[in-house]
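Visitor: One-letter residues, chain by chain:
Protein chains: 2
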Amino acid sequence: MLKYHQIAKKIEKYIEEKQLNQGDKLPVLETWMTHFDVSKSTIIKALELLDKNENIFQIRGSGIFVRKLKRTGYISLQINDSKKKDNVSSKLLELDLRKPTKEVANNLNIGMDEDVYYVKRIRYIFDQPFCIEESYFNKSVVTYLNKEIVLDSIFKYLQDALNVKIVFYDSYLHVDKLNEEEAEHLGLKPGDPKLLVDQTFHLSNGQPFDFARNTYNYLQSQFFIQGKGQYI
Amino acid sequence: MLKYHQIAKKIEKYIEEKQLNQGDKLPVLETWMTHFDVSKSTIIKALELLDKNENIFQIRGSGIFVRKLKRTGYISLQINDSKKKDNVSSKLLELDLRKPTKEVANNLNIGMDEDVYYVKRIRYIFDQPFCIEESYFNKSVVTYLNKEIVLDSIFKYLQDALNVKIVFYDSYLHVDKLNEEEAEHLGLKPGDPKLLVDQTFHLSNGQPFDFARNTYNYLQSQFFIQGKGQYI
DNA sequence: GAGTGGTCTAGACCACCCC
DNA sequence: GGGTGGTCTAGACCACTCT
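Chains as they are written, first to last, in my numbering: chain L, 30 to 261; chain Z, 30 to 261.
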């Protein structure tokens with residue numbers, strides 16, 4: 030494990046253990062340098078990581094401060110931290126090999142005669158249905174899938190067994206109305222609001238290999254995004 | 030202007046001028062180093078910037094590649110790049126000094142006896158209403174506001190005239206149903222879906238000074254988020 | 001094994017905040 | 001003006017990809 034990753038973790042732990050709150054000041058660079066016996070750049074790299082994950086913010090000439098979310102119970106739309114989600118379970122509805130629709134073929138950047146794995150799941154939080162998830166995997170990349178794999182973590186399997194690495198992803202959000210089938214799955218009424226999140230996951234050559242369409246229950250799901258200001 | 034900012038801009042321009050597409054390979058580090066006559070770290074910093082703004086992705090041992098969004102007409106939920114938005118106009122509905130509600134006081138971290146500036150605007154894209162925006166500014170930070178300022182860019186005024194700098198912000202998303210008044214403003218029907226985005230903007234001491242509630246027209250607005258994978 | 005990006009160091013100097 | 005974070009350099013060494 031990289032030095033600056035380790036250090037970032039330790040600083041994160043430090044914040045947690047000291048129960049620091051938003052705006053609390055952390056020790057200065059110099060202190061961390063001597064404490065971990067590494068160069069300045071390494072500490073800066075570690076702090077950069079924490080900054081990116083929205084754990085801290087840094088003010089030049091002033092110091093390093095703790096950053097905390099005020100509201101709880103929200104889902105991150107940025108998968109920076111892959112924190113474990115308890116209370117979440119899922120049910121498999123469909124799993125088969127099929128030809129893509131025009132839309133799916135377009136999103137996966139493949140021809141309509143190629144094969145895709147189709148996976149449809151319902152996801153539950155505290156046993157309440159909060160999301161319908163439909164995924165389409167390019168079969169030439171994801172060569173094999175079965176029930177057991179799908180019920181566990183697909184991404185973990187892709188990485189460990191197939192050596193498929195996600196390099197980046199794009200998410201597209203729409204708000205719309207539920208149709209009858211979706212409403213039934215989510216325990217809502219047709220015409221009720223829904224949040225639709227389309228995602229494409231890309232490989233290291235920039236090609237998408239997974240297109241996912243997520244339909245969220247508007248009563249069970251709230252989201253957050255954190256950002257940094259740079260209005261010039 | 031910082032060296033690595035300049036270089037990032039030049040590389041961005043290079044991508045644009047060469048009309049490179051997703052997955053196209055960029056020249057290697059060494060080439061950029063000699064081309065700009067700077068050290069390796071500086072180039073890496075520049076590429077880090079481009080990486081953060083989702084213009085490129087880097088694969089160790091392989092190279093630097095162009096990244097592009099597939100869909101157009103979407104609004105970024107990350108204000109990394111503050112690109113100019115044409116076709117967007119706004120109408121001022123209300124502007125006054127008032128006492129905050131409990132909710133607003135809580136979001137601004139102030140007492141209910143303190144003053145806030147209240148600004149209500151409708152935002153139009155291609156002359157279609159796409160957003161109702163209600164903002165509450167802590168008066169002890171934003172000491173003065175008027176009609177002219179509000180119709181121009183508030184954030185620019187805050188930075189230039191009042192020396193108020195946004196360091197970070199949190200966004201919270203909900204999906205819900207429009208009430209009668211909102212529906213009228215947006216040209217929709219009560220009960221139609223809406224996307225609600227609450228934002229708090231924070232100063233360098235971590236304190237929020239602006240709480241904004243944005244209600245989006247679900248037919249006129251679509252959003253995107255880009256991310257990087259790191260499933261371990 | 002050659003090519004390529006990433007980490008890490010040590011140190012000079014700079015830019016900003018705040019007293 | 002002292003304290004503090006940020007930029008930049010030069011170079012050693014490491015880790016991954018691809019053929």
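Hints were generated in silico from the structure; no laboratory data involved. Hints should not be assumed to be uniformly reliable.
[Unchecked claim] Footprint (simulated), chain L over chain Z, 3 or more residues, beta carbon under 8 Å:
#1 126-132
#2 155-163
#3 204-212
#4 219-226
[To be verified] In silico DSS-like pairs for lysine-lysine, Cα to Cα no more than 27 Å straight-line:
#5 K257(L) - K47(Z)
#6 K257(Z) - K81(L)
#7 K131(Z) - K97(L)
#8 K218(Z) - K149(Z)
#9 K257(L) - K74(Z)
#10 K81(L) - K218(Z)
#11 K38(L) - K81(Z)
#12 K194(Z) - K81(Z)
#13 K99(Z) - K194(L)
Ideal Cβ positions, reconstructed from N, Cα and C, are used throughout, including at glycine.
Visitor: Compare the structure with each hint and give your call.
Guide: Tested hints:
1. 126-132: The restraint on the stretch 126-132 of chain Z is violated, since only 0 of its residues have a Cβ under 8 Å from chain L and three are required.
2. 155-163: Violated: only 0 residues of the stretch 155-163 of chain Z have a Cβ under 8 Å from chain L.
3. 204-212: holds (count 3)
4. 219-226: Coverage by chain L holds here, the residue count being 5 at a Cβ distance below 8 Å.
5. K257(L) - K47(Z): Judged against 27 Å, a Cα distance of about 31 Å means the pair is violated.
6. K257(Z) - K81(L): Holds. K257(Z) to K81(L) sits at ~12 Å (cutoff 27 Å).
7. K131(Z) - K97(L): holds (21 Å)
8. K218(Z) - K149(Z): holds (20 Å)
9. K257(L) - K74(Z): Roughly 18 Å between the alpha carbons, so the hint for K257(L) and K74(Z) holds.
10. K81(L) - K218(Z): Cα-Cα ~40 Å, so violated.
11. K38(L) - K81(Z): Satisfied, since the Cα-Cα distance of roughly 21 Å is no more than 27 Å.
12. K194(Z) - K81(Z): It holds: about 21 Å lies between the C-alpha atoms, which stays within 27 Å.
13. K99(Z) - K194(L): holds (20 Å)
When each numbered hint is compared with the structure, violations occur for hints 1, 2, 5 and 10.
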